[in-house]
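With the sequences and hints as input, model every part of the structure.
Numbering (the working numbering), first residue to last: 109 to 361.
Hints in this document: simulated from the structure, not taken from any laboratory. Note that the coordinates shown come from a computational prediction; the quantities given were computed from them, not determined experimentally. Glycine included, C-beta positions come from ideal geometry on N, C-alpha and C. If a hint is listed, it holds; no wrong ones were tucked in.
Distance ranges between label pairs, derived from CB positions:
1. Pro251 with His220: 23 to 29 Å
2. Gly339 with Pro135: 39 to 45 Å
3. Ser201 with Pro176: 26 to 32 Å
4. Arg237 with Gln206: 24 to 30 Å
5. Ala235 with Thr315: 34 to 40 Å
6. Trp305 with Pro251: 24 to 30 Å
7. Arg237 with Pro144: 30 to 36 Å
8. Arg247 with Leu222: 14 to 20 Å
9. Ala132 with Pro176: 30 to 36 Å
10. Ile137 with Asn232: 31 to 37 Å
11. Ile137 with Thr315: 15 to 21 Å
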Amino acid sequence: MKPATLNDGRPTPAQIWNSAPQLAQIPTISPSLLVPAGSRVVVVAPHPGDEVLACGGLLQLLSALDYPLKLISITDGSASHPGSNQWSAQRLSVFRPQESVEALRRLGLPLHSLKWIRGGFGDNDLAGREQLLSQFIARYLQPGDAVFTTWRNDGNDDHDAVGRATAIACALTGARLLELPIWAWHRPAREAGRMPWQCARKVRLDTWSVARKRHAAHAYASQLLGDPLIGLAPMLPPVLLERMREPYEIVFL
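Structure follows, in structure tokens:
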């Protein structure tokens, strides 16, 4: 994961964003209505861990309903700590896939049957490779798939690029696109009216699902620790972890 740069350089407190009146007006939808029976669930994650931040609760619910699951990890996340000797790209290329395995285990997903595709694309350069990226994603999709990915206006270059590329891949294959905001909740773009509230649906999570999701996020030890020696802040700041306490996830249809 790479933190999005906010206008004033600081994340906006989650409780401010959570007070938006539109949140209370978002219709609730059940996982079984969100994903039709017989569909495969495909999650396209720009970086390791984005699948947990975006839809870790929903993945638990869909797994419990026995939907076939496929995870496409576009990058290996090895560029998350530029300039760090402690968290070198070589170390992260090994460490972050291990963190992902542990996070998925904490979510309770069936690792023996989960189809997991690793793209091997480089972090922070996805916007320049969108055509290749959309072709890569389309290779693993089929008509009727429910495809979850980061929102095209999330505010992180990689997230936005993957959202756009996945939209093209879905159009090419007849899959259904479902977008997930992560960093957008903590950006002024929300105040500017860019959030597509009319397309939003709320998936309710119980206390246990929220707890497992937060536990899974903490499997990404490398992202919880920056590198003080070079002034590098954690990739997963407290404001993002705080929002994960909310008993719902938002999906844009």
